[in-house]
Amino acid sequence: LTESEFTLLSREYTRVRKRAAKVAASRAALSMKLGTVTGLGAWARDAVLAWFLNGPLRGGVAPRFAMRTIPGRSLETLAASPLVSRLKEFL
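Counting along the sequence shown from 1, when you hit position 52 you're at 42 in the numbering used here, and nothing is skipped either side.
No lab work stands behind these hints, which were simulated from the structure alone. Don't take every hint at face value.
Estimated spans, in silico, between C-beta atoms of each pair [unchecked claim]:
| id | residue 1 | residue 2 | range |
| --- | --- | --- | --- |
| 1 | L(-2) | G50 | 32 to 38 angstroms |
| 2 | A34 | R9 | 28 to 34 angstroms |
| 3 | E(-7) | F42 | 47 to 53 angstroms |
| 4 | R5 | V38 | 33 to 39 angstroms |
| 5 | S(-6) | L47 | 41 to 47 angstroms |
| 6 | G45 | S21 | 48 to 54 angstroms |
| 7 | T28 | R5 | 36 to 42 angstroms |
Every residue, glycine too, gets a C-beta built ideally from N, C-alpha and C.
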């Protein structure tokens, strides 16, 4: 693995992880905003969330709500990179 390949791989990893952090932070902020609603709004929030998480959209909404769909949440995201196959030669 050359130094320039390592640098490119490192930059790609950093880019992917920064994006993952931004997505996670924005989802967490939304969850916190939803959690601060009180009174009648809280009842409405609970009903809407129950419908989304248990209804016909649960296959798409529940994983996002649980942050299981964050892009770059694992090293598998980099697997498509040609640099990763080059890196595997050295492992």
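Inset, instruction - Would you list, in rising numerical order, the hints stated earlier that this structure does not obey? - result: As far as the earlier hints go, only 6 is violated by this structure.
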